[in-house]
Each structure stands twice: as C-alpha cells, then as structure tokens.
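A.B. asks: This is what each chain is made of:
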Amino acid sequence: MTAQEFKSLILLKRPRYAKSRIPVIDAFANKGQSKSEYSQFGPIYELYIYAFRLGLKKGLKLPLPTRNMTQDFIEIGKWKRDSSLVDFLLMIIFSHCEEIGFDWNDLEDMEEKELNQVVSNIIEFIESYANGGLQYLQEEWENDNLMNSSYLFADLMNE
Amino acid sequence: MASIINSIAFENFFNYYGDYEDNKYELDEGINIIVADNGAGKSKFFNAFLWLFYDQILDSDTKKKINIRNAGVKILSDKAKNETPKGSYVKCGVMIEYTSGTRYKYQIIKSFTATRIGEQITDENSWQFVINEIEVNKTELVLHRYKPVYDEDEKTRIINGLIMKAFRKYSFLQGEEVDDIIDFSKKESIEEAVENLTDIKKYEQIHELLDEFKNKAFKDLQKQLKANNAQNERFDTAVEEKEKNEQQIDQEKIKLKQWTDTLNFAEEEKNELDKLYANAEKRKELDDKLKPLRKRLRDKQEEFETFLDRINNRFFDGNFAWIAMGFEEEVQKFRALNEHYIEKRYEKKALKNVEENPNEYFHFLPENSPDSVSLQNMIDDEHCYVCNREAKEGSPEYNNLIKLKNRTKDNQSQKPFVKNDLKNFFGDLQINAQTFYNKFDGIRESIIKTKEKEVELKDSIEKLKSKIKSVDEDRNSIMIAGHDAEQSARDIINNYTGAVRRMENANSKINDIIIPKINKLKQDLKAINDEIKSLNKSNDIPNGFNENYEVLSDLEEASQKAKDRVFDGMISLLEKHANIHFKNLIKNNDLSGGILKFEKNPNGSINFNYIDSKGNSVYGSSEGFQRMKKFSVVMAIISANNAEYNYPLLADAPISAFGEGFTEGFFEAIGDVFPQSIVLVKELFKQDDELKINELGKRLLKDPKVKTMYVNHVPENAEQIDIVTTQTKLK
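Line order of the protein sequences matches chains A and B.
So for the first sequence, the numbering used here puts the first residue at 11; every next one is plus one.
So for the second sequence, the numbering used here puts the first residue at 19; every next one is plus one.
Hints are not guaranteed to be accurate.
Calculated pairs, EDC-like style, for lysine to aspartate or glutamate (alpha carbon to alpha carbon, straight line, at most 16 angstroms) [as the list claims (entries may be wrong)]:
| hint | chain 1 | residue 1 | chain 2 | residue 2 |
| --- | --- | --- | --- | --- |
| 1 | B | 362 | A | 119 |
| 2 | B | 234 | B | 572 |
| 3 | B | 437 | A | 124 |
| 4 | B | 437 | A | 152 |
| 5 | B | 437 | A | 116 |
| 6 | A | 67 | B | 261 |
| 7 | B | 594 | B | 617 |
| 8 | B | 544 | B | 261 |
| 9 | B | 99 | B | 158 |
Distance ranges between label pairs, derived from CB positions [stated by the list, open to error]:
| hint | chain 1 | residue 1 | chain 2 | residue 2 | range |
| --- | --- | --- | --- | --- | --- |
| 10 | B | 420 | A | 121 | 49 to 59 angstroms |
| 11 | B | 361 | A | 154 | 49 to 59 angstroms |
| 12 | B | 366 | A | 18 | 17 to 27 angstroms |
| 13 | B | 299 | A | 33 | 30 to 40 angstroms |
| 14 | B | 386 | A | 71 | 42 to 52 angstroms |
| 15 | B | 353 | A | 73 | 26 to 36 angstroms |
| 16 | B | 365 | A | 33 | 51 to 61 angstroms |
| 17 | B | 374 | A | 19 | 29 to 39 angstroms |
| 18 | A | 121 | B | 322 | 29 to 39 angstroms |
| 19 | A | 87 | B | 361 | 52 to 62 angstroms |
| 20 | B | 459 | A | 71 | 47 to 57 angstroms |
| 21 | A | 154 | B | 480 | 22 to 32 angstroms |
| 22 | B | 437 | A | 154 | 20 to 30 angstroms |
| 23 | A | 124 | B | 325 | 41 to 51 angstroms |
Calculated from the structure, these hints are not laboratory results.
Since the structure is predicted, the reported quantities are computational estimates derived from the model, not experimental observations.
Backbone N, C-alpha and C define an ideal beta-carbon position, used for all residues, glycine too.
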C-alpha cells in the first residue's frame, strides 16, 4: 500500500456522532442555515473538530453507543477542502499512536486487514473524544453555563 | 392699581397631591420663577389659571383644551384617587389670592368633589364628579379675615379684575401660544391691539356718521337742483357723468377688494409658513446630513454582523489557525516520532541489505557520498582520495571504486523493503500542516486583536448612532406642533415661494394698476363735482343746501384723516416700543442688529418685517427668533399703553425655543413691562445641581428683580400613582 492509498483509507471514512447530540449540533452548527442566539460554527465538521479538541484536551473520552444510535456525516476527505486542516488533524492523531495502539514502523509491515483495523481504531479515537467534547458542551449548554459571547469557543479553549 | 397675585395653591390637582397648605406658592410683585423639569407640574400650574378663567384645561397629550367637566379623572391626583376607598370622596381644587390696589384682597377657589364608585381608578365610570360652586372671598387688607361674596355679579367682577378679558391674551402666555397672540397673518390682530389701546373706535364712528350725513346732503342738494333746473341739459349730463364715474370707482373698489383678498390670503399663507420655511430649509439640510450618516451606519452594522459571523471561521482558517491552540506538545511528539520512524526505517533497510548481501556493506555509506564526479576522478587517477592510497587498475581498491560509482544503478533496481511505504505519508503531513502549527505563537495575540477589532467596530457604530441621534433630535425639534409632521420640507419650500410670488403679483396689480386708476377716477370726480358746483351757482337754489354739503364733505375728509393719524401714530409708537423690547431681548445674543418695521399696505393692513442693517427684509429665521419678534410686539402693546399695565404675566415655558441668550433677555425685559410675572420654566433646571438650577438660574436668583424662586421636584422613576410634586422655595 502506498502512502497515498493509506491516506485515502482514512479520508474516505465518515465519523459518526451519537443521535443524542443532535440538539447541541443544531444549536452550535448552523450548516449555512438560520442563526441561533449563540455564537455558531458553520458545517458540522467544524463543531466536530472543535469538540474533538475539547474532549482530547480535557481528557473526556466517551465511546459512541451502538451503531443504530449514531449517525454519520461527510467523509473526512471533504472537511475544509483546499486546506491543510485535515493534515494538521492527522498530525495530532498520529502523535497519539500509543494511545490508539500502534507503532508507525509496524504499520509498514502490516497486511491490509490489519491496516484497516488501525484506521478503524483511529476513527474510533476521533469519535470518542468528539463525543466527550460534545457531551461537555451539551451539559454546559443545558445547565446554562455558557457565556453568550462571540468568543464563547475561543474562551472555552483557554479554560 | 395693579393686580398682584399673592399666592396660588392646589389640592390634589394633578401631581399636586395633598391639600392647599401642602402645595402653596407665595408670590410677590416683580418676577417670580418656578423651575420645573418636564413632568414636574409646569403645565399643570398653568392649567390652574385656565380653570380659573375659562373652566378649561389644556390636555398635554392632545394639546387641546377640554372643559373641566370632562377632565375630572385627568385632573385628580392619581395618588389621591388611589387612596380614596370605594364609597368615599376626595376634593380637588385651585385657590388663588390677589390684591388689587391698596385696600382689598380677594380669594378665589374653584373645586370639585369626586366620589369613588368603581374599582378602576383611571376609568371615568368609577367616579362621580360634582362641580362645587365658585367660592369668592374678600377682605380689607388691614383685616386679614375673609368674608364670602355671594353676589354673582360681584364674583364675576372680582375674577375678571385679576386680568381683564381683553388683556388676558397678552398676560397669559403658554409656550407656542405667543405665536397666536399676535398672528401677523391676520391683519385684524394689530388693528385689534390698536383698538384696545386707543380710542380709534370713536373716530371710526364719527367718520361713518359724517360720511352718511354727507351723502344725505348731496341727495338733498340734487333734489333741489333737479327741481330748479329740470330743463338744464348740461347739468343733467354732469350729474350723469358723476354717477358713471362713481360707478366706475365702485367697480374698481370691487376689483381692489378681490385683489386685496388674494394678497391677504397669500400673505396669510406666507406668514403661516414663515417659521416653517426657515425650519424646512434647516430640516432639509439636516436630512441631507442624515442620509450619508445612516448609510455609513448600515454599512458598519453589516460589517459588524459579518465580522461576528466569521469569528468562528478563524479556528479553521489557515491564516488564523485558532484550533491549533494547545497542540504544541502533539506537534513536538509527532516530530520526534517521525525522526524515530525514519531512523528505524533506515536501520531496517540496511539490515535487510546486509542480510541479503553481506559484502555490500558500503551501502552503509550515505547516498552520493562521495559524489560521482569525485569517484570518476579517483578511477581516472587510480588513487583513492578518501584514504589517500593508490588504487591501481585491477586491484580490489580500484574495483571497489567502480562498484561505488555504479551504486545508483543498483539502487534503482532495488526492491521495496516494506509492505507499505508510508514515508511520504508522514513527511507530507508534517510539511502540509505547517500552516497550522507555525501559528502557535500568534494565536493568543490574534484572539486579543480580534476582540479589539470588535470593540473598535462597536465603538464606531455607537459613535455613528449617537451622531445620528443628535442630528435626528435637532431635526425633530424643528417641526412645530399643529403642523403635519409628514408634510415634506420640499412642499413647504414650494408653498412658501408660491405664496411670495402671488403676493408680489397681487401687490403689483393693486399698486400699479387699480389704485392709480381709482386715484385718476377720484380726480375726475373732483373735477366733475367742481363743474356741478359751478353749474349750481347759476341756478337759483337756497344757499343752505350747498353750504351744508360742502361743510359735511370737509368734515368727512377731516375725520378720515384724523382716524388715519391716530392709527398711524399708534403704529409708529408700537414700532418704537417693539424695537426697544426687541433690542433688550436680543442683547445677549450675537444677532446682527436689525430693526422691526411696521409698514402700512395701500389697502390698510400692516406688514411686520425684520429689516437688516442694509434695509432688506429678512424672511425665515428660526422659530425662536420669530417668537422673540412677536413677543416684542406683545410687550410693545402693553408698554405703549398710556396707563401702566395693571395685570400680571403668567408664562408657561415661553422661552423653550429661544436659547439661553434670549432667555436672559426675556427675564430682564418682562421686569420692565409687567408689574408681576410668574414664569414657569424648565430651562433653568439642572438635575445634578445641589439647588437643581443651572448657572443662569443662579444668576437670576441673585437678581433683585427676581422676588421669589421655587423648584419643583418629582420622584425619579416612580410609578404613576406615586408621582407627587413637591416644591422648595429658593427665594
């Protein structure tokens, strides 16, 4: 498998979120639609990446429920096209290889089946932290702890 | 014998909650000032006099006068209403005491009683009103003990004695009403003033009488002539001629009347629009100013909205890369992992090579070291420059150099040493993601700057808004109550210039055509009359008829002239006085000196103009200035009166449109004209001052002409039912 093929393997994946997060997604990602009273992100992936970062930094790892209680959205390869955002994201993820449970050099000797498993683990890693981050946001929001400011998310990163 | 109001007191009258003792203003001869901010009982105070004289109050919501019978719920203090239990009653009234001359003092009380019969205190149906009989009491000044007056005529006489009916309008000023007292759009208004001030009515009556006598004398004379000269053809022709001429004069007079009406109508419109015209121009100017300001505000607000909407974009935009904040460790870790990976990878590769071909150890040498040109040189020279030893052709050293040189070719045919070559995967990530992780140092700064930019945008929006608000307030303060606010400035300007054009047109018709024609006809008539007289002489008619007619003709002419002289004399006296007052009023203003001019129109009406130092009429000017002009005339009417003016001035904020310079002039001027002035004013109020008055108020407080000064207070932010006016006497 070439480097390009390996990357495509990841980029074709569509991470999932728990259906219970739909309210918080509706509140904080406008998807190009109407505005809410809160500061918002645009597409879902923006909120998702933000939640992932929040979950990772706060150590909030929360595995997704069973598949029928989750929902997917656009594949990673389509997140912010013509930008190196996804590359940066992958950099962060691959720096956490120990936690995910693989070694870079080992990857080069794996069979395709094994590689697929690693990629699955990577996606699960993203999903678990994003889910943790979303849950955090949801709780804060439901408990009315969020300061309604345009810098809500920037300020939240500093906490 | 001037009337001087000694006190005025209220009982549960509007915000004046409580009985008369709680709400009593003691007043003196001279200037009395009551300072009150908006809503602190200024207009209510004035309403007491409206009740007293006219049984009316001015509804501050509709600006209309309503009868006291229909105003009970409005007048009665809300607090008093609220405190009256169902079935009980409460009183509301005004009490005024005044002295006339040195002997008598009077007390007038107007009141009503309200009984509560329903729950809703502001509902008219919850109350039953009974208007109480007017109480008038009288005392000799030395006695201090009032006795009631029962005689209705005497009651009326006493109420009227405070301010005589004909003079109330000069005594009784409320804000914009100054404009209506002397309404220059109606020619009668000056004439009426002249009538009030002179005995011109008598001259008019004499003139009318004499005119009638003269006509009768002519008819008598004519009868005699006809009887004596039935055959005298020449005489008949002359009389016919005279009648024809008189008919023509009558016709011209009808025309004159029509054109005068046109002129008056146009003039009325012009005067009506006078104050609006200046305002309309000013308003248009402000509108022109507002338009670009509003556009700028819209643009800024849009910019601000977009800015806010895009703040979160900065997390993912490579130019800002806020999302990278806090990932420093990960990036370090990635680099370390990558180094380790590459190292391990080379080891792996080398080991694999050694495994497959243990003698090919040179593979340990880095690629291109030594480079192929140096190797060729060494082969050509049969010498190894690395270890500085000979390498003769055919020797193992020489062969080694050949092998080294061919190394690239071997590499190309090299087989992959891993199943999945991910070297470029990691390498590319590290290169591509630079955009994000290179921003680490600047992210916090970038967030701060973004916040600063927001503050900056907000500031400039606030600045624009307050600028627009202030221009808007200026603009809104320009239009005057009573005029359709929707009427556009352009319409006013068009109507104004239209009216001026029609005035000019009518004036030229009257002065250039009709009046010269009438004069010519009158001259002809005189010649005809002379001719008739000469014809008479040859006739034998009794002398008495001729003489009678001649004498009455002369008397009629003389009475006409006398009347005109009295009128002209009074007009020029008014003009003189008006100018004195006007100068006093404007002396604290940097207004360039002009004069007020009364000019008599050919048709007898009076034109009132402000003439600048070059002799040109000044049209337009501000509302305050217009009112100042009129107020000068009001004061002139009073001061030109031969006798001393005997009545107090009651003024409710007459100066709101004047400006501070005028305000000061106003207080100086009224002191000279009115024996007593009671002025209710908000312009002197200053909330954050200890005494609640401004600098001008303090100067006036020290002025010996100012005899009493009160400040009214109402609690701030109180509920309607808790609003109670209290007063502090400063002097």
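A.B. asks: Decide, hint by hint, whether the structure agrees.
C.D. replies: Outcome of the hint check:
1. Between residue 362 of chain B and residue 119 of chain A, the direct Cα distance comes to roughly 13 angstroms. Compliance with the 16 angstroms bound is thereby established for this hinted pair.
2. Taking the CA atoms of residue 234 of chain B and residue 572 of chain B, the gap is near 14 angstroms; set against the 16 angstroms cutoff, the hint holds.
3. A hinted pair counts as satisfied when its Cα atoms are at most 16 angstroms apart, and residue 437 of chain B with residue 124 of chain A qualifies at roughly 12 angstroms.
4. For the suggested pair residue 437 of chain B and residue 152 of chain A, the alpha carbons sit about 50 angstroms apart, so the restraint of at most 16 angstroms is broken.
5. A distance of roughly 10 angstroms separates the Cα atoms of residue 437 of chain B and residue 116 of chain A; the hinted pair therefore holds under the 16 angstroms criterion.
6. Restraint check: the Cα-Cα separation between residue 67 of chain A and residue 261 of chain B comes to about 118 angstroms, which exceeds 16 angstroms; the hinted pair is violated.
7. For the suggested pair residue 594 of chain B and residue 617 of chain B, the alpha carbons sit about 13 angstroms apart, so the restraint of at most 16 angstroms is met.
8. Among the hinted pairs, residue 544 of chain B with residue 261 of chain B is consistent with the structure: their alpha-carbon atoms are about 12 angstroms apart, no more than 16 angstroms.
9. The hinted pair formed by residue 99 of chain B and residue 158 of chain B fails the criterion: a straight-line CA distance of about 37 angstroms is larger than 16 angstroms.
10. Separation of residue 420 of chain B from residue 121 of chain A is about 41 angstroms and departs from the stated range, judged on CB atoms against 49 to 59 angstroms.
11. A C-beta distance of roughly 53 angstroms is found between residue 361 of chain B and residue 154 of chain A, which places it inside the suggested range of 49 to 59 angstroms.
12. At about 25 angstroms, the CB distance of residue 366 of chain B to residue 18 of chain A agrees with the hint of 17 to 27 angstroms.
13. As the Cβ distance of residue 299 of chain B to residue 33 of chain A is approximately 59 angstroms, the hint placing it in 30 to 40 angstroms is violated.
14. For the pair residue 386 of chain B and residue 71 of chain A, the supplied restraint of 42 to 52 angstroms holds, since their beta-carbon distance comes to about 47 angstroms.
15. With their beta carbons about 30 angstroms apart, residue 353 of chain B and residue 73 of chain A fall inside the hinted range of 26 to 36 angstroms.
16. Remark: the range hint 51 to 61 angstroms for residue 365 of chain B to residue 33 of chain A is upheld by a beta-carbon distance near 53 angstroms.
17. A hinted range of 29 to 39 angstroms for the beta carbons of residue 374 of chain B and residue 19 of chain A is consistent with their spacing of about 30 angstroms.
18. About 57 angstroms separates the C-beta atoms of residue 121 of chain A and residue 322 of chain B, a value inconsistent with the hinted range of 29 to 39 angstroms.
19. Checked against the hint of 52 to 62 angstroms, the pair residue 87 of chain A and residue 361 of chain B fails, with Cβ atoms roughly 31 angstroms apart.
20. Taken as a hint, the range 47 to 57 angstroms is violated for the pair residue 459 of chain B and residue 71 of chain A, whose Cβ atoms sit roughly 29 angstroms apart.
21. Separation of residue 154 of chain A from residue 480 of chain B is about 29 angstroms and conforms to the stated range, judged on CB atoms against 22 to 32 angstroms.
22. Separated by about 54 angstroms at the C-beta atoms, residue 437 of chain B and residue 154 of chain A break the suggested range of 20 to 30 angstroms.
23. Between residue 124 of chain A and residue 325 of chain B the Cβ separation comes to about 49 angstroms, which falls inside the hinted range of 41 to 51 angstroms.
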